[in-house]
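Protein chains: 2
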Amino acid sequence: MNIYDVSERAGVSIATVSRVLNGNPNVSEKTRSRVMEVMNELGYTPNVFARGLGLNTMRTIGIMCSDSSDPYLANAIYYLERELRANGYDSILCCTGTSLENKRQYFDLLLSKRVDAVILAGSKFIEMEEKDNAYLIDAARDLPIMLVNGFLDAPGIYSTVCDDHSAIYHAAARLIASGRKRILYLYTSRSYSGTNKLQGYKDALRDGGLPIRPELIHQCAKDLHAARSLLLSLAAEGLEFDAVMTSDDSLAVGAVKYAHARNISIPEELAIIGYNNSMLSYCTDPEISSIDTKVEELCITTVKTLMGVFGGGDVPGKTTIAADFIQKQTTNF
Amino acid sequence: MNIYDVSERAGVSIATVSRVLNGNPNVSEKTRSRVMEVMNELGYTPNVFARGLGLNTMRTIGIMCSDSSDPYLANAIYYLERELRANGYDSILCCTGTSLENKRQYFDLLLSKRVDAVILAGSKFIEMEEKDNAYLIDAARDLPIMLVNGFLDAPGIYSTVCDDHSAIYHAAARLIASGRKRILYLYTSRSYSGTNKLQGYKDALRDGGLPIRPELIHQCAKDLHAARSLLLSLAAEGLEFDAVMTSDDSLAVGAVKYAHARNISIPEELAIIGYNNSMLSYCTDPEISSIDTKVEELCITTVKTLMGVFGGGDVPGKTTIAADFIQKQTTNF
Chain F
15 MNIYDVSERA GVSIATVSRV LNGNPNVSEK TRSRVMEVMN ELGYTPNVFA
65 RGLGLNTMRT IGIMCSDSSD PYLANAIYYL ERELRANGYD SILCCTGTSL
115 ENKRQYFDLL LSKRVDAVIL AGSKFIEMEE KDNAYLIDAA RDLPIMLVNG
165 FLDAPGIYST VCDDHSAIYH AAARLIASGR KRILYLYTSR SYSGTNKLQG
215 YKDALRDGGL PIRPELIHQC AKDLHAARSL LLSLAAEGLE FDAVMTSDDS
265 LAVGAVKYAH ARNISIPEEL AIIGYNNSML SYCTDPEISS IDTKVEELCI
315 TTVKTLMGVF GGGDVPGKTT IAADFIQKQT TNF
Chain Z
15 MNIYDVSERA GVSIATVSRV LNGNPNVSEK TRSRVMEVMN ELGYTPNVFA
65 RGLGLNTMRT IGIMCSDSSD PYLANAIYYL ERELRANGYD SILCCTGTSL
115 ENKRQYFDLL LSKRVDAVIL AGSKFIEMEE KDNAYLIDAA RDLPIMLVNG
165 FLDAPGIYST VCDDHSAIYH AAARLIASGR KRILYLYTSR SYSGTNKLQG
215 YKDALRDGGL PIRPELIHQC AKDLHAARSL LLSLAAEGLE FDAVMTSDDS
265 LAVGAVKYAH ARNISIPEEL AIIGYNNSML SYCTDPEISS IDTKVEELCI
315 TTVKTLMGVF GGGDVPGKTT IAADFIQKQT TNF
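If you read the sequences in order, they're chains F and Z.
Going by the working numbering, the first residue of the first sequence is number 15, and it counts up by one from there.
Going by the working numbering, the first residue of the second sequence is number 15, and it counts up by one from there.
Fair warning: there could be bad hints in the mix.
Chain copies aren't distinguished; within one or between two, either way the pair holds.
Said to hold, decoys possible - Result set (DSS-like, lysine-lysine): computed pairs, CA atoms no more than 27 Å apart in a straight line:
1) K318 <-> K127
2) K308 <-> K236
3) K342 <-> K236
4) K127 <-> K44
5) K195 <-> K332
Simulated from the structure, these hints should not be mistaken for lab results.
Kindly produce the complete structure, drawing on both the sequences and the hints.
Here is the structure:
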């Protein structure tokens, strides 16, 4: 069932069917109803292969990100745009913020622009409540939805994820092997990615024979001064810890500042591990050991997968990429 | 002379003229030639007011930036996108890199998408050679071109700039007033903005009665480790300096690292001033005094000016916004 069948049955050209699909006003009301009638009869849904054939396509991809000023997402936008351009596609960028209502509104706006696909950059787009993801699952029947570091198991949704669980698991295991006993864990959110990271931490402790202590696990705003203050107040309350792991480099910068404020030597008395290996992790003295989440590779793979979908090839619903541990000066492995 | 005149003289509707302008295929060859003929006779050029009336508009603005992963430009994109959206416009983002050839190619691509205006974010789009800017001046006859922190004096080009000269001038004057005699200046590029900053430094020295020493002025890659190495090698050659001013926070981070490496006390023995007041300037210990270039205000003003142009109002060709000096821990004023 495709656009050719509709065109033949309706007795109009493919271009006319395409015009009806695109909502082009230059189609008579009579022709439009005829085409719509045939589509209903045949149960036709415009599909991604038609787009791949250059029919009904604007060669434009919508990109959504929750915050383009975040260093990780800023890099992702840069790489996605570059890869799409190299494949002859333009991109329309929407910075959505984090509220579900805004995300849905921007998503609808991209659909109304008749983009060929939507890329959701970052793990903030998958909601904890299943019903809140229904709008993505519905839309994926009509156009491919690509998740960069998020996962949703549904037809038409393609995920490229970094193996955050392994990354944190192996870093924590190295801390434990080097003798650290009280590893504090700071995280910013319980997104898809955030949940995997936290689980990696817990699994490493369990496998390393250490207890999982709730008093060592804390949520913190993604802000270096907030992280510094939180650690200072935890220490003032008598909490002891010999390592800090974080879900984001900004929190690790706060941990370095905490150690400086208390004259604690890094890494001897306190080991610190960041996440994302962003520019922030290079600004401090000592520079922060961090996890390179391969954002460039994630973006290249996302666009390659999308081109595979447009080409009608056999494309995996989920691709996982391994992270790298970047040893700098806040760990002594 | 406007679209109404063309429609009247050609004996077709305004919608038909608009269709011809948009290259819509649903116009007969006969009608198209008639409309084109009349446009030639009348010397008609589609103008921004027609777009403002909702004729011939996609309500889409092209944004070009040289590098979306740069923290300053990443923020600019975020604010521009937000402001455009609030005014009902979508944006198409192109990350161009810095070669003139690529910039021109992306610019043509945006024009071919029939965007309603192009915003050039950052000062990397104005070339030193006048002839290399001709393509912008030509294009500005057909659609508004907005420069964020760049300046080009031509009809249809609207600039919103931060007063970089004053910002550096006043910061340098404060260093001189506080007794600094040998102020090193590190800069990344001789763009429009870069040239103004350097001139601000020179003018402050001159007005403060200090000689302008070429050995104290150095270009450096926008990389904190490059800045650190450069300062270490200059010091090894015997160069003396009691303050470092920079055209970008990343270089100031390198200056902090240089001081740490040599056990130089900040700010007593060495004062350091960054530029842009980005997140980087908050990561170091001590945190870096820097210049807030008001990127949010610049972007709000740019979009406001653009809406003024679309509305046909009287709009200034250049708007200047003052920067703020943010005193932190690397200066002792």
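Evaluated hints:
1. Both within a single protomer and between protomers do K318 and K127 lie at most 27 Å apart by alpha-carbon distance, with minima of 23 Å and 24 Å respectively.
2. For the identical chains of this complex, K308 and K236 are neighbours both inside a copy (20 Å) and across copies (22 Å), given an alpha-carbon limit of 27 Å.
3. For a Cα distance limit of 27 Å, the shortest separation of K342 from K236 qualifies both inside one copy, at 22 Å, and across copies, at 21 Å.
4. Taking the closest pair of Cα atoms, K127 and K44 come within 27 Å of each other only inside a single copy of the chain (25 Å); across copies the shortest separation is 31 Å, beyond that limit.
5. When the C-alpha separation of K195 and K332 is checked against a cutoff of 27 Å, the pair qualifies neither within a copy, at 35 Å, nor between copies, at 61 Å.
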